[in-house]
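Number of protein chains: 2
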Amino acid sequence: IPVGQRSEPALSNEYLIKRAAALVTDSTQTLLSQTTYALIDSLTEYTKAVYTLLSLQKKYTSLLDKMNSSEQSAVWQVMIGARVQMKKLQEEYLKYEASWARAVSLSEMAAEAAYQAGADHASVTVKNHIQLVQIQVQETRELALRAEALLAASQSEEIMKTITEDKNNPADAGSPVSSLSEDVPEAYLRED
Amino acid sequence: IPVGQRSEPALSNEYLIKRAAALVTDSTQTLLSQTTYALIDSLTEYTKAVYTLLSLQKKYTSLLDKMNSSEQSAVWQVMIGARVQMKKLQEEYLKYEASWARAVSLSEMAAEAAYQAGADHASVTVKNHIQLVQIQVQETRELALRAEALLAASQSEEIMKTITEDKNNPADAGSPVSSLSEDVPEAYLRED
Numbered sequence: 602i603p604v605g606q607r608s609e610p611a612l613s614n615e616y617l618i619k620r621a622a623a624l625v626t627d628s629t630q631t632l633l634s635q636t637t638y639a640l641i642d643s644l645t646e647y648t649k650a651v652y653t654l655l656s657l658q659k660k661y662t663s664l665l666d667k668m669n670s671s672e673q674s675a676v677w678q679v680m681i682g683a684r685v686q687m688k689k690l691q692e693e694y695l696k697y698e699a700s701w702a703r704a705v706s707l708s709e710m711a712a713e714a715a716y717q718a719g720a721d722h723a724s725v726t727v728k729n730h731i732q733l734v735q736i737q738v739q740e741t742r743e744l745a746l747r748a749e750a751l752l753a754a755s756q757s758e759e760i761m762k763t764i765t766e767d768k769n770n771p772a773d774a775g776s777p778v779s780s781l782s783e784d785v786p787e788a789y790l791r792e793d
Numbered sequence: 602i603p604v605g606q607r608s609e610p611a612l613s614n615e616y617l618i619k620r621a622a623a624l625v626t627d628s629t630q631t632l633l634s635q636t637t638y639a640l641i642d643s644l645t646e647y648t649k650a651v652y653t654l655l656s657l658q659k660k661y662t663s664l665l666d667k668m669n670s671s672e673q674s675a676v677w678q679v680m681i682g683a684r685v686q687m688k689k690l691q692e693e694y695l696k697y698e699a700s701w702a703r704a705v706s707l708s709e710m711a712a713e714a715a716y717q718a719g720a721d722h723a724s725v726t727v728k729n730h731i732q733l734v735q736i737q738v739q740e741t742r743e744l745a746l747r748a749e750a751l752l753a754a755s756q757s758e759e760i761m762k763t764i765t766e767d768k769n770n771p772a773d774a775g776s777p778v779s780s781l782s783e784d785v786p787e788a789y790l791r792e793d
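Chain order of the listed sequences is A and B.
The opening residue of the first sequence carries number 602 in this note's numbering; numbering runs sequentially from there.
The opening residue of the second sequence carries number 602 in this note's numbering; numbering runs sequentially from there.
Check the hints yourself; a few may be wrong.
Copies of the same chain look alike in the list, so a pair counts if it fits in one copy or across any two.
What the hints assert, rightly or not - List of simulated lysine-lysine pairs, DSS-like, C-alpha gap at most 25 Å:
no., residue 1, residue 2
1, K688, K728
2, K762, K660
3, K728, K696
4, K728, K619
Don't read these hints as lab results, they were simulated from the structure.
Chain A with its partners taken away, still in its complex shape (with noise of 0.2 Å):
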């Protein structure tokens, strides 16, 4: 066998490997794109929902003194469907987080496998790629998290008020606000 005859077919295995490896990079990055959308998306959804919360809470404790308690209760009710809301939402963001972990990973191995195959600039564009939505999603996170934060303390701060009002007034022991406040650390404790 001459060599040029054995040569050929090897370098278009070459050509054919480099090829489908570049077109992974491409459905790896439309993958990507979706699931950064959906998990940015969806966070942002979450932190609004945080928002309406901490607003609501505020206004609770504000009002405290010149509710009745039918109207204490009807806050209330309203509360608790926004907590019902933010947890929804908090599941959902976080399965759309799994999904965008798993593209992550499966454009990093699709980076490695196009740089092995020599389709080096479909490798670099994935890893800028990669790069700038882990920069995207960080800073949607942290607005995540400053949201709870301040919803977390504005509940110890409420706790402290209602406590120092119990001791005032006995009879108001165990009121939507303190059994609020007594599931809460459950929610806001997870670590990301």
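Starting from the structure of chain A, add chain B where the hints point.
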């Protein structure tokens, strides 16, 4: 905000992620096919080269007594060439084996991402494809291992014969065949 307005973009995100994950499985399958083809192709070329060397060696051993030293040297040169070619093809298939292993990992991860995104059909298709190529590669590997085993057996047989001949004819010590055999184990002791 009405419920319908919020759930629509969420559904759409899910759909886009599912579609993107399915596209990733398409492209990883192309890469998997290309690397499998290249690996099987190069492994087959390597196996052929092992048989070429084996047959040259058998011929050399059987004609050893009938050849003069210049004839021996000529056959010896051909065997060196065959051995260099075999090593070259071995390096090539090891390179494709690495590409193939990366393509399998990528495909597995893509199958998982597709499954998590709800693209069950795409996920199952990739998993079946992975199984299929693993069987194909395994079969081709076994053919190569068998050739290597035959070559190794023929070489130890030859070493025995050379030792016996050297005892009868000490001037022949360090013949091309014994020096050929010396560095053989290194090439055949690799574990797959």
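Hints, one by one, checked against the model:
Proximity of K688 and K728 under a CA criterion of 25 Å is satisfied in neither setting, with 33 Å inside one chain copy and 35 Å between copies. In this assembly of identical chains, the alpha carbons of K762 and K660 lie at most 25 Å apart only when taken from the same copy (14 Å versus 99 Å across copies). Within a single copy, K728 and K696 get their C-alpha atoms as close as 24 Å, and across copies as close as 23 Å, so both meet the 25 Å cut-off. In this assembly of identical chains, K728 and K619 lie within 25 Å of each other by CA distance both inside one copy and across copies; the values are 17 Å within and 23 Å between.
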